[in-house]
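Trainee: In the order they appear, the protein sequences are chains A and B.
Reminder that position 270 of the first sequence reads as 270 in the numbering used here, one-by-one numbering, no gaps.
Convert by adding 1000 to the 1-based position in the second sequence; the result is the number in the numbering used here.
I should point out that these hints are in silico values taken from the structure, not numbers from a laboratory.
Glycine included, each C-beta is placed from N, C-alpha and C at the ideal position.
Errors might be hidden in some of the hints.
[Stated by the list, open to error] Some, not all, of what chain A presents toward chain B, calculated at C-beta under 8 Å:
1) M164
2) F220
3) D228
4) R257
5) A258
6) K265
7) L273
8) S294
9) V299
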Amino acid sequence: MSDSAETILDVRDLHTHFFLRRGVVKAVDGVSFTLRKGEVLGLVGESGCGKSLTALSVMRLLPKGAARTVQGEIVLDGENILKRTPSQMREIRGRKISMVLQDPQTSLNPVFTIGDQLREALVRRAPAKLKEIIKQAVAALRRVDIAAPEQRIGQYPHQMSGGMKQRVVGAIAISGEPEVLIADEPTTALDVTIQLQYLKLLKRLQRENGMAILFITHDFGVVARMCDRVAVMYAGRIVECGPVKQIFEAPSHPYTRALIASVPKMTGTRGRLTAIDGQPPSLMNLPAGCRFASRCAHVEPRCLEAYPGTTQIGADHTADCWKIGSI
Amino acid sequence: MSAAAEKQLLRVANVRKYFAFTKGILFSRTLGHVKAVDDISFEIRAGETLGLVGESGCGKTTISRMILNLEEPTEGYILLDDEPIHGLEGEALKAYRTKVQAVFQDPWSSLNPRMTAGRIIAESLIVTKWGDKDKIAARVAELLKQVGLRPDQAQQYPHEFSGGQRQRVALAAALASSPKLIVLDEPVSALDVSIRAQMMNLLKDIQAERNVAYLLVAHDLATVRHMSDHTVVMYLGKIVEKAPTQALFDDVRHPYTKALFSAVLIARANQEDEEIVLQGEVPSPLNPPSGCRFHTRCPYVMPRCSQEEPKLRDVTPGHAVACHLFD
Ligand SMILES: Nc1ncnc2c1ncn2[C@@H]1O[C@H](COP(=O)(O)OP(=O)(O)OP(=O)(O)O)[C@@H](O)[C@H]1O
Ligand SMILES: Nc1ncnc2c1ncn2[C@@H]1O[C@H](COP(=O)(O)OP(=O)(O)OP(=O)(O)O)[C@@H](O)[C@H]1O
Ligand code: SF4
Ligand code: SF4
Ligand SMILES: [Mg+2]
Ligand SMILES: [Mg+2]
């Protein structure tokens, strides 16, 4: 993708912290990335590194209470949405930007049927007669491969399998045909055949409507299939970002390399898997230097002293590591 | 394999589970039944891992819930160490629950939001009066470390963890009572690949140490390949293929299993589209297709497939397939 492609979402130096009695959890601590029109950007990284919180910050849907975005800008289609009021945000969500939450449990209300919840989303988009809306709800479920949708709309969430709930949530998020979709692990509960059809559906929406997608996933197969570029996150920051092909074939950051080496294979020996030893730093007590230093094989004194700046590796490829070019 | 490992630990024999499909709340009418699990049999030996894969909604979680004694089969029975597990009461049921533990696909609903992680992990130790306070606290700290969390995280509540971290709390809680069988319903799908690899290595180490058996439900076939000794493939409430894992991955026989394997996305850029895309709508378990349940989508369908139900039979010793192509 060329640099001239229009930016739809520009996140700059985002900091979202939890203020707890025990201390401050710096879950998102200096995240910057851009998402271009019609592009799919993957976001991968260690469990707990702040991917979901980054997404929720962009949606301005932070968990109630202790979480606050304390610094940064979120520019959506030219305007900084951190300046918008809650009611203006409600307008923006669903129409311009929409999100598939990682946890279908919190997006589906257990006391309403699937049909009620879909109808609500559809009515908000374009009010119409009940009969018409029900027809649309059935079609929306069929689009995500739910069998017997006419009957399923009368069911409650607990009567559906994990993968069905996840698809219902997906159907609700895309029903408004937003310009930007944030999908937080939308296929983790799906079997691979249904996953593939769902990914194809997202691709089609992306092509037909020019929808841009921020795709959070742990699955590198999905990244390969879906994404144009991928950002790798570690302990609250993006440490490498580049075109998928380059990240797979020539990862630069030691964390990215280790992560890719951990992918289980479909062929070869079935022995032990490679994993990264050690643990990420506590987000309440981040080191001054490189956050990966305690687990990095290439660590040297300067890594512990200061956070490495961002190095430009290729036209569209950057990484935060002191030793880029020498390892 | 040792003599102890040859022993059948769990037997699932001709189990069916039908859910009534109702309409209306006060004067509900039964419209039919969802045949979630329809005549399923398999065994798990002590200390081995059985992988269970299949399309979303095919009945995997329903089987898990029956094995955990959270749900009664409509027909058939389940035996642990040759004792029927359903109909247990009081102390016997309590004892059963310490022998069979679980980690579920949604850690959001399975962890009590009002308890700290430490208390959740200690729960079964407290119930069985395993030791005094200090001994339990030390054990909790050890379990947290085993699953890759820090002991100080014992004070955190479930909502203060990321999705993947919650999954590890659930695993620590399952390990606490030293069970004989752990039902793992998508235990690693919410984890990043490195922690997934750590967790899979950890599960294998624990198995080797304590001879615990696993029933592993997973959508990621590479995970199943690395973890399980035997693999069972289900489609719409039925077993379609069953074999030692290596034999199955070397020689996939059933047309559904072939479609499933072809949909696996590999982590490499520019992958070709070699997938078998299943045609036809996903059939409804409310009204499953006659004969072979896969006949509405099978690329090899023959006239008799819609009339006669294929029986599960060995095509090579130990490798069973339910398909008329192998009659
Ligand atoms: N309510 C909360 N209070 C305190 N800390 C929290 C809270 N919610 C999340 N965190 C912390 O913030 C960090 C980031 O969480 P987030 O959910 O964004 O992770 P993630 O990258 O999406 O991980 P995963 O891949 O496991 O979903 C985690 O380390 C978590 O422990
Ligand atoms: N309590 C219930 N009431 C009615 N139907 C149910 C209930 N629980 C499960 N079902 C139905 O039983 C079928 C099997 O569901 P199950 O949760 O076992 O699927 P699964 O194989 O685990 O799927 P997934 O991979 O999506 O988790 C589905 O059609 C589901 O709607
Ligand atoms: S900056 Fe140093 S410690 Fe950090 S990843 Fe690079 S080499 Fe490793
Ligand atoms: S029995 Fe017939 S329809 Fe069923 S899988 Fe075999 S060939 Fe296909
Ligand atoms: Mg997350
Ligand atoms: Mg399930």
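Trainee: Does A/R257 pass the interface check with chain B, least Cβ-Cβ distance below 8 Å?
Mentor: 11 Å, violated
Trainee: May I ask you to test the interface hint for A/A258 with respect to chain B, counting a Cβ-Cβ separation under 8 Å as satisfied?
Mentor: Holds - the Cβ of A/A258 comes within 8 Å of chain B, reaching about 7 Å at its closest.
Trainee: Verify the interface restraint on A/M164: the C-beta must sit less than 8 Å from at least one C-beta of chain B.
Mentor: 6 Å, holds
Trainee: Given A/D228 as an interface hint, is its Cβ closer than 8 Å to any Cβ of chain B?
Mentor: 11 Å, violated
Trainee: Holds or violated: is the Cβ of A/S294 closer than 8 Å to a Cβ in chain B?
Mentor: 13 Å, violated
Trainee: For the restraint on A/V299, tell me whether the closest CB of chain B is nearer than 8 Å.
Mentor: At 18 Å from the nearest chain B Cβ, A/V299 fails the 8 Å test, so the hint is violated.
Trainee: Holds or violated: A/F220 as interface residue toward chain B, Cβ cutoff 8 Å?
Mentor: Holds, because the Cβ-Cβ distance from A/F220 to chain B comes to roughly 3 Å (cut-off 8 Å).
Trainee: Under 8 Å, Cβ to Cβ, is where A/L273 needs to be relative to chain B, so tell me if that hint holds or is violated.
Mentor: With a closest approach of 4 Å, the A/L273 hint holds.
Trainee: Hint validation: A/K265 versus chain B, beta carbon distance must be below 8 Å. Holds or violated?
Mentor: 6 Å, holds
Checked against the numbered hints above, the structure breaks hints 3, 4, 8 and 9 and satisfies the rest.
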